[in-house]
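K.L.:
Using the sequences and the accompanying hints, generate a full structural model.
So the protein sequences, as listed, match chains A and B.
Per the working numbering, the very first residue in the first sequence carries number 1; after that it's consecutive.
Per the working numbering, the very first residue in the second sequence carries number 1; after that it's consecutive.
If you are wondering where the hints come from, they were derived from the structure by calculation, not from laboratory data.
Please read all numbers here as calculations on a predicted model, not as lab measurements.
Beta carbons: idealized from backbone N, C-alpha and C, even for Gly.
Accuracy of the hints is not assured; some may be wrong.
Unchecked claim - Pulled a few chain B residues facing chain A out of the computed Cβ check, cut under 8 Å: (1) 7; (2) 26; (3) 30; (4) 42; (5) 79; (6) 85; (7) 88.
Unchecked claim - Derived DEER-like restraints, expressed as beta-carbon distance ranges: (8) 36/A <-> 23/B: 27 to 37 Å; (9) 92/A <-> 43/B: 28 to 38 Å; (10) 178/A <-> 15/B: 53 to 63 Å; (11) 155/B <-> 364/A: 34 to 44 Å; (12) 7/A <-> 23/B: 23 to 33 Å; (13) 27/B <-> 420/A: 53 to 63 Å.
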Amino acid sequence: MITFSKRQLKIPEMSKPVYMVTGGMSKFGRAIPEKRIEELAIDAFTEAAEFIDKTPAELKKYIHSCYYGHFADHFGDQLLGEALIHDRLGLDPLGNVGIKTGGATGGSTMWEAFKAVASGYSDCVLAMGWERMDEVPTDEGNHYISCAADKDWETPLGHIYTGYYAVMAQKYWQVFGKSEDSFRKTMAEIAVKNRGYARMNPHAHGPMKITVEDVLNSPVVAFPLRALDCCLMSVGVACAIFCDEKTAFELSDNPLLVYIAAGSHTLRAADRRHMEIPLLTHESAEKYRDLNDRFPGGDRYPGFTGFLAARMAAYYAYGMAGVYDPTEDLDLVELHDAFTISDIQTYEDIGIRPYGEGRTYVESGDCYHTNPHTGKPGKLPANLSGGLIGNMHAVGATGIMQAVEVGQHIWGRWAEMHENQKKWDDFGRTKPGDWQNLQVMGAKRGLAISHAGVGSHVTATILVHPDHQLERRNS
Amino acid sequence: MTNLEKRGTVKVINGRYRPNGNFHYIYPNTPIYSDSGELMGVTNPRDITHIHTYGGEAHFFSSLKDGQLWGTRCDNPACEHTGTVNLPYKTYCPDCLKKATPVNLTAVANSTAKVHTFMVTERTGAFNTLEKPVRFINIEFYGVATILMGYLSIGEPKIGMRVVPIFRMLDPTFTILDLSWVPEETPSENLPSGFSFSK
Chain A
1 MITFSKRQLK IPEMSKPVYM VTGGMSKFGR AIPEKRIEEL AIDAFTEAAE FIDKTPAELK
61 KYIHSCYYGH FADHFGDQLL GEALIHDRLG LDPLGNVGIK TGGATGGSTM WEAFKAVASG
121 YSDCVLAMGW ERMDEVPTDE GNHYISCAAD KDWETPLGHI YTGYYAVMAQ KYWQVFGKSE
181 DSFRKTMAEI AVKNRGYARM NPHAHGPMKI TVEDVLNSPV VAFPLRALDC CLMSVGVACA
241 IFCDEKTAFE LSDNPLLVYI AAGSHTLRAA DRRHMEIPLL THESAEKYRD LNDRFPGGDR
301 YPGFTGFLAA RMAAYYAYGM AGVYDPTEDL DLVELHDAFT ISDIQTYEDI GIRPYGEGRT
361 YVESGDCYHT NPHTGKPGKL PANLSGGLIG NMHAVGATGI MQAVEVGQHI WGRWAEMHEN
421 QKKWDDFGRT KPGDWQNLQV MGAKRGLAIS HAGVGSHVTA TILVHPDHQL ERRNS
Chain B
1 MTNLEKRGTV KVINGRYRPN GNFHYIYPNT PIYSDSGELM GVTNPRDITH IHTYGGEAHF
61 FSSLKDGQLW GTRCDNPACE HTGTVNLPYK TYCPDCLKKA TPVNLTAVAN STAKVHTFMV
121 TERTGAFNTL EKPVRFINIE FYGVATILMG YLSIGEPKIG MRVVPIFRML DPTFTILDLS
181 WVPEETPSEN LPSGFSFSK
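P.N.:
In structure tokens, the structure reads:
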């Protein structure tokens, strides 16, 4: 049983407010042989500049330091690739640093950028992340990803990261899903939803119009996970610009307040030790007293079914932003749907649903843009970008892409950034005839979860329109 | 002599790694063209051998060839969690950061190991040496705070299934692959080649 001290549980207090003023993305794809990653970085940066009616050269004049996220040097066979991109962006002599936290690299990159502004070190910073996963054969790519597990105790066991995840999926499926066909169908609905939303996104690598049956008939990767339950392996770049208040309103008349927090848990799932469930402010211990009665085998927390890092990142970030109940206080979320089952696990970790009841977020229709049962707006739409399953998982870029997507909803500019025929043409993609505007009407606050490994690092990024701040009541 | 036979080996002499033989092989790169014959890039082939340090965990990996499974226990009376037993083997207690005491968990594993969760997959990454499908199991033990990852060599895994460790004592690799698991009461004649029950 492990415990935390009061000091460790302190809600972070930043020295000054931090704003996100813009963000941009490149095209995402399984392979983009016609462009160097540095060129895709320029595409993303240019989109961010043009979003606030600046030229790239004008925006660069504001930037004071740079934060670069890139998960795996192995893929590009290039150490200090961050410096190469910095050079190509023409940002010398500004200080810059590379950040690596596996799948959470994008979120962690923004976390560092956020702190640089909050501390007063910089008035305006660039957070940029990327990955180039097409320069090795897929099985070598899987080996490299498996090197993010423990090389002595885990990597030799199959050299396949999906396997280290699938054992968690198996446990959740049997304990909380009770091995029910209906639960397996709920998992599949997530894949259908996210790949379907990706069809509305010109950036997206993996759009598909599929059915639950297509998911259930796709090849087994590691039961209960099938091919269409799994995220993409992508190439691409995303970036965001964070500023202090004065600079933010110089660059934009509509910047968004940003709050970012991080949590961690053991790299090896094997090292997880039992603990009481850390409660979020809207939860009570009573809720979980009979968890093992309702879900036999569910008594070991976090065991192999919960992500402590996600829970702690949410705990800190909710405290910073004043979020009490995420389902009530947020208008949309972008979650790290590496696998359909880990998406469900995350609903519980971040308090959208209590532990054991994640499936109801999907089954109720709350997670959809338009609730399929009522035809009305979903209570808390999730992964309208298409997520990692439908849009992309260019690892270092992913967390930043999520924040930019959330921002575009709060800015009320989602349609502008996704409908534009020129963008579809430039990316060589065909806009579907049934293209749908997924703008969340009246969005004021949103959350992005960036997640690494089997839960080793997680960040929670909350974007809030300044006119709709919440009162902090849980610090 | 083939490249593999000339591949480098390493000894530690006077506290330093002393490589001997070939540690890298260089091959010519090749161009990558598009369908229309346009140059898109080049391949960068190479073959590298890394050196890897086991440090305090060498005891664990070395003991597998002797049919023994070792973990560690914090015996620091001042530690908030004194008495915690870890497997995977941790040289230092993660709570107090004092040196932990190695404990032989072979008997504990033989009598209490059971499958916490598992997965079966036909898909592996490059460099995998396990027979497919790979049957990962995560094993819990009585009195051990953590859950070890391993692979099942015989049978189909189920949550709660009792398993016992087997050890590659013939031609060991000195990696975690020298430890595998089989269902309780598996006859010794059924074990994979080179593997035996604990001594």
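K.L.:
Confirm or reject each hint.
P.N.:
Hints, verified against the model:
no. : hint                        : verdict
1   : 7                           : 19 Å, violated
2   : 26                          : 14 Å, violated
3   : 30                          : 14 Å, violated
4   : 42                          : 11 Å, violated
5   : 79                          : 12 Å, violated
6   : 85                          : 11 Å, violated
7   : 88                          : 5 Å, holds
8   : 36/A <-> 23/B: 27 to 37 Å   : 30 Å, holds
9   : 92/A <-> 43/B: 28 to 38 Å   : 31 Å, holds
10  : 178/A <-> 15/B: 53 to 63 Å  : 57 Å, holds
11  : 155/B <-> 364/A: 34 to 44 Å : 40 Å, holds
12  : 7/A <-> 23/B: 23 to 33 Å    : 48 Å, violated
13  : 27/B <-> 420/A: 53 to 63 Å  : 46 Å, violated
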